[in-house]
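For this one, chain A is given, so just place chain B on it according to the hints.
2 protein chains.
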Amino acid sequence: MKKAKIVTVLSLSAAVVMGLLTVSIRENKAEQLQIAATPEIKPFEVRSSEWGKHYPRQYSTYMQTKKGSQFVDAIKEEPALAILWAGYAFSKDYNKPRGHYYMQEDNVTTLRTGAPDPANDVHSPQPTACWTCKGPDVPRLMDRDGELEFFTGKWNKYGSEIVNPIGCADCHDPKTMKLTVMRPHLKRALDKNGTLKYADATHQDMRSLVCAQCHTEYYFHTTKWKDDKGVEKEAKVVTLPWDKGFSFEAMEAYYDAIGFTDFVNKLSKAPILKAQHPEYETFRTGIHFKRGLACADCHMPYMREGGVKFSNHQVGSPLDSIGNTCLNCHHDSEESFRQMIGEKRARAVQLGKAASNVLAKAHLEAAKAWDLGATEEEMQPVLQDLRKGQWRWDIGVASHGAFFHAPEETLRILGKALEYGQEARIKVRAILAKHGAGDYEAPDFSTKEKAQALAGVDLATEAAAKKQFLDTVREEWFKEAQQKGVFDPESRKDLQRTTAW
Amino acid sequence: MKKAKIVTVLSLSAAVVMGLLTVSIRENKAEQLQIAATPEIKPFEVRSSEWGKHYPRQYSTYMQTKKGSQFVDAIKEEPALAILWAGYAFSKDYNKPRGHYYMQEDNVTTLRTGAPDPANDVHSPQPTACWTCKGPDVPRLMDRDGELEFFTGKWNKYGSEIVNPIGCADCHDPKTMKLTVMRPHLKRALDKNGTLKYADATHQDMRSLVCAQCHTEYYFHTTKWKDDKGVEKEAKVVTLPWDKGFSFEAMEAYYDAIGFTDFVNKLSKAPILKAQHPEYETFRTGIHFKRGLACADCHMPYMREGGVKFSNHQVGSPLDSIGNTCLNCHHDSEESFRQMIGEKRARAVQLGKAASNVLAKAHLEAAKAWDLGATEEEMQPVLQDLRKGQWRWDIGVASHGAFFHAPEETLRILGKALEYGQEARIKVRAILAKHGAGDYEAPDFSTKEKAQALAGVDLATEAAAKKQFLDTVREEWFKEAQQKGVFDPESRKDLQRTTAW
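Heads up: the sequence lines are chains A and B, in that order. Going by numbering that gives the first Met the number 0, the first residue of the first sequence is number 0, and it counts up by one from there. Going by numbering that gives the first Met the number 0, the first residue of the second sequence is number 0, and it counts up by one from there.
Isolated chain A (complex conformation) (with noise of 0.2 angstroms):
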């Protein structure tokens, strides 16, 4: 080639270059105008594919939280649930924790909602405080209804009024895009905590209090109240325990103060506290909330597409994506990273594992010294070593990530439970000794199956009321709720029905 076809070629080249980068430039200009002029979205809007029109990145990451999270039978896994839970819902179906997308599906789909009958509640185990954190239709009917009507009445009142799964409008205004808690109860919890006063928090905080609105351990306050007509209702009011602190003492102090209990285990009698998800109490004792971190900067990092910002909404583990979490503020291989965490984990589940086990064999020998005859004044101090173990345990192993967010913390609470719980054996063990059982040992609890029958789960007529709820009633929610122009279709694509059952 000549020098002169060159260096036409080459000036050619950089110019279509030149031109591209141009339009490139343009292109995002033009798109970061689009996003600084913030969209018409109307208030409540609870189809996060209405927004994703305006957010397509956002959306598009959103919708990636049906990825990745494989469905575990937690019971199947560790059988002793079901008998730590006896008595309890939770003893029938527990699955470990999926991406947003299955919040809606996998409240309906679990046992522990039961089967509702279209013509009455009777069917319907749960209050309607079980919807509080499935998605953005909560928020809408809270104002619609008012919050004390929404938290009155049965789980199946709003079958057909919240059919989304966590969305856009669980965390941000339509209006100003700014991050927004939409839920009364973290606002009201704050204020009272005082750590942290709601209209104090900075946008960084915030970046952990839209999480906060549901990871967090809380109870239902059976709050009566009138209605504009007079009529004396009943609502069971999601409500958080930090009056006290956020510590896990501190919770227990408010629970044992105001009497409360979740359930009482059907096996020991125990007054148990059923501990949530306190990730965010779990989170502000460990290294990265006192180091100013938020759950954004690790469940949502920024990325980058062309010349636009934003943070990835497929919250989920940060593990699946340690170069884009760890590794912005440390300095190692993702290799090193994952290896020093999965020990972590493993700690974790070496002592909650032994705890689950030690609270089961209690619950159990605590059964039988009933059954032999023991008496309430015997079985006392059994029965608050049973609370007190079973809550630290619970405490340890519900807190999504708890090993990771505050891996002292979680052990220092499992190193307790299995106190506690072994405390409540040594107890049980000489009430069965005094009625002449004292090398008494619990029956297995091995499989899903034994502990099952031991807790008297009847899976199969479950399952079977389930299934025929799930293939009629909830088709029926559906429809409502499309006519009513509140469901949005798009929040379902491809889902598969996954159930342990």
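The list cannot tell twin chains apart, which means a pair is met if one copy fits it or any two copies do.
Straight line, CA to CA, 25 angstroms or less: simulated DMTMM-like cross-link-like pairs of lysine to aspartate or glutamate:
| no. | residue 1 | residue 2 |
| --- | --- | --- |
| 1 | Lys235 | Asp116 |
| 2 | Lys243 | Glu342 |
| 3 | Lys289 | Glu342 |
| 4 | Lys343 | Glu407 |
| 5 | Lys352 | Glu248 |
| 6 | Lys228 | Asp144 |
| 7 | Lys273 | Glu251 |
| 8 | Lys228 | Asp120 |
Please keep in mind that the hints were generated in silico from the structure rather than gathered at the bench. In this text, all values refer to a predicted model and were calculated from it rather than measured experimentally.
Relative to the frame of chain A, chain B by itself:
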């Protein structure tokens, strides 16, 4: 003042400052050259003050190890210890560790080493091995007498030979000043373990390994041998249980495999492993080791005096100097670090005290079961749980600073200690029940006096004999040592006798 005058004054001032700087730089240069030219220090020079003549900064900081280490009677603080160690010398007297300056003194004044009679060794309950970590006379004697001869005989054999506390010659080669492991047991253990062969150790490795000469778990391996004259002898050789790995479970597996037991608890008859002070093993599981730090990075941080950089030989708690240790790498306030580390300590103390309490009860309950006629066969599972539990508890608390070096491993192992301790109690409860004492409660061990009485410790007699020994025999030992030219009176400068009895 006129302008000219001002200029003159300023010029003169500048000249003086420059002159002083030049002198200072020259002095520094001279000193640096002097340091570069390694002085003549004779082999096995046990007198640290002799080394100090050439290394005044290192020596003067080393001498500061007498400061800042409060004398704490650990049994008074935690009376359960006397029960856990019943039948073992530790139940008599155990004080929290102090600085290197006190190493020889504290070994001689503790009731554990008895009150040897100069004429015979009947009152010398310990083997020579108990000197192994007490000072630079040890490598000197190993060189002079041979390692096996060193490890043969009773503790009093070397009373007039081992008279200086841990000092320069314990870690440095007198010719090259290089860090050197002076005790063969560490080299052998590293080579057998294989993770880090001694010959492959880098300088950074050595900055931990010189510490690991003493700061490890060990036991006395009984070794038959013949001396030059063919006399059959038995040595108690300090040996590190690392063949199967550094982890606590790997060390336990090593001991189980060779059927080793440090002592049989006098109350429960459980075959107990006494964990020593596995700092190196614990440190290896923590994040600072994994990030490449050595003991000296935090315990002997670099200092600067004029142009001379040297490491601070006041080995102690890095908490005494957070600004010069933690804050070299981390960014935060001293106060924030102190608080965070306080939380770590509180967690480990919580589980550690819970475990010692549980284990002490288990020993006492087991003693009752024996009294009532329990059989060997019945008791075996109890004793095995006690062995496992007490090993884990002791590992968790005997390792100095474990709560910081490896908070998670420490909490994990203490959690398991609680589980095993309580498991022993549950099993012994069934045995007690069989013998009509299902509701037996262990006696009170809440004070040192009560606990030592239960453990059968006659403190008054022990103390009287010890005092007599210190005032007579020991003074003779010092005189003999001075005549031999091995005792450095400077090493005991300002030393006050402090004991717990």
